[in-house]
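Asker: Just need the whole structure built from these sequences, with the hints factored in.
Protein chains: 2
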Amino acid sequence: MNKIMECVPNFSEGRDKEKIEKIVDCFRGKDNVKLLDYSNDEDHNRLVVTVVGEPKPLRDAVLEAIGKAVQLIDLNKHSGQHPRMGAVDVVPFIPIKNTTTEEAVALSKEVAAQVAERYGVPVFLYEKSATAPHRENLAAIRKGEFEGMAEKIKQPEWKPDFGPAERHPTAGTVAIGARMPLVAYNVNLNTADLSIADAIAKKVRFLGGGLRFCKAMGVELKDRGIVQVSMNLTDFTRTAVYRAHEMVRMEAQRYGVSVVGAEVIGLVPMKALIDCAEYYLGIENFSMDQVLESRIME
Amino acid sequence: MNKIMECVPNFSEGRDKEKIEKIVDCFRGKDNVKLLDYSNDEDHNRLVVTVVGEPKPLRDAVLEAIGKAVQLIDLNKHSGQHPRMGAVDVVPFIPIKNTTTEEAVALSKEVAAQVAERYGVPVFLYEKSATAPHRENLAAIRKGEFEGMAEKIKQPEWKPDFGPAERHPTAGTVAIGARMPLVAYNVNLNTADLSIADAIAKKVRFLGGGLRFCKAMGVELKDRGIVQVSMNLTDFTRTAVYRAHEMVRMEAQRYGVSVVGAEVIGLVPMKALIDCAEYYLGIENFSMDQVLESRIME
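Protein chains in written order, with this note's numbering: chain A, 1 to 298; chain B, 1 to 298.
Simulated from the structure, these hints should not be mistaken for laboratory data. Warning: the hint list may mix true and false statements.
Copies of the same chain look alike in the list, so a pair counts if it fits in one copy or across any two.
[Unchecked claim] Below, in silico cross-link-like pairs of lysine-lysine (BS3-like), each with a Cα-Cα straight-line distance of 25 Å or less: (1) K202 <-> K30; (2) K159 <-> K97; (3) K30 <-> K3; (4) K143 <-> K128; (5) K3 <-> K34.
Answerer: The following block contains the structure:
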């Protein structure tokens with residue numbers, strides 16, 4: 001695969017194994033599409049699929065899976081801990097290799113138009129594909145969930161970007177858009193005082209005047225008797241992992257607290273970590289083309 | 001490709017484009033074999049090919065290319081700056097993904113046996129495949145080159161591991177073996193004094209009592225008015241890049257000199273750099289399976 005786009009669609013079915021497999025099957029046995037992972041949560045009653053591929057075959061597989069989910073899932077009968085507004089709740093496209101944010105935005109809009117046309121499901125474009133600032137944040141779009149969307153969608157400021165201004169009777173609505181890969185990164189501190197982790201989190205995160213693409217909160221690791229600053233870096237190409245790390249270290253100093261470790265949760269693009277090696281070693285003129293694995297993937 | 005082995009065969013033909021293409025063609029259009037790079041040097045009169053693949057198809061393609069080179073290249077008519085002892089001079093196998101050193105050694109021996117049987121070329125196993133300590137080092141095996149090998153190969157201590165104890169009349173002899181990926185890594189110092197870089201190089205390298213898998217020398221960067229410690233790390237899984245880097249920094253201190261940058265030359269496996277990010281950030285319990293690109297390559 002020369003160009004690689006990732007898609008992480010979330011479906012509102014986490015319990016019925018047969019339905020889950022029917023949806024996931026849409027990503028199997030397709031040329032230039034690779035299913036990386038899928039996991040269902042019974043409490044959340046939700047299925048999260050991670051798939052990569054060349055943009056066009058990926059688009060086709062995603063459309064097929066959305067069609068399958070619209071057919072199989074009835075939100076009127078859905079209950080679960082996770083907020084949701086549709087049979088397919090959210091579909092982010094993420095540029096991974098030889099693809100740009102612009103291409104991910106374009107792909108998301110193509111898929112959005114087709115979802116409305118083929119399945120009659122109203123679509124909100126979100127994140128980098130959003131058509132207005134108040135539609136960037138998924139939580140803001142989803143507020144009210146499937147149940148509340150019946151009325152919400154009729155308000156002018158919540159007119160969908162594609163499809164009818166009317167909730168699909170069983171499949172609800174869906175958010176489709178482009179975003180950067182998310183890096184879940186936690187920094188451990190040698191204190192049991194959660195208020196210190198919280199205070200640091202508030203300073204490093206965007207909301208508190210900190211780093212633009214950083215969300216953060218304090219978390220207790222009770223079994224270890226320590227706390228951590230738990231972060232989501234929503235664009236590591238602009239808010240680098242090492243910068244967030246060093247900012248936590250810097251803020252920790254005033255409390256007489258030290259960084260005693262860190263963790264990466266889930267998948268991480270290699271560039272996010274190689275950027276850190278480049279920074280700490282002071283490597284000059286490095287190109288990702290020098291990474292053996294980038295060549296192999298070409 | 002699930003298992004990936006790399007091979008970097010060196011052929012003694014760097015001038016005749018037609019012959020070069022005939023050899024390189026053996027690596028094209030083969031399932032599960034990927035030609036990453038090839039470069040010929042006219043002064044050295046040598047061709048270096050970088051290819052990766054699943055072990056079995058890679059083995060077959062390498063054997064085909066060796067056969068082609070034996071057929072096309074006559075060492076009696078070869079001259080060039082680079083030392084050489086055969087039409088195919090050296091064939092290293094390097095484990096890259098889901099493959100071990102042991103598998104690379106086994107593959108090198110399979111290829112060695114076939115080269116002797118099919119083409120009648122005597123083979124020396126070298127590096128990790130060597131059958132005696134004095135045969136580990138390629139330079140020691142190659143000493144005397146094609147011309148000297150006529151007599152050298154008749155000595156008991158230089159009896160080849162496979163094939164006749166007689167130099168092939170036109171193709172000479174070949175070294176085949178397994179080695180780890182090489183990382184070429186240089187650390188820049190803010191001084192123009194080459195003797196300082198030399199002194200540091202002597203301390204960090206294996207030969208001087210330093211790091212086991214480190215070769216090093218001082219190099220002048222005349223246009224920048226600085227010097228560097230130029231290193232070859234021959235097994236980054238055991239002599240990590242960050243360890244060599246920090247040891248140079250440590251030794252530089254006594255001269256009042258600072259590290260002002262570093263460079264990676266050529267290809268580098270992603271793990272060599274990700275290991276550095278793990279070290280400097282203090283990441284706990286990280287697995288290479290968390291790297292998105294490892295999953296894509298599966």
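Asker: Of all the hints numbered above, which does this structure not satisfy? Sort the numbers upward.
Answerer: 1 and 2
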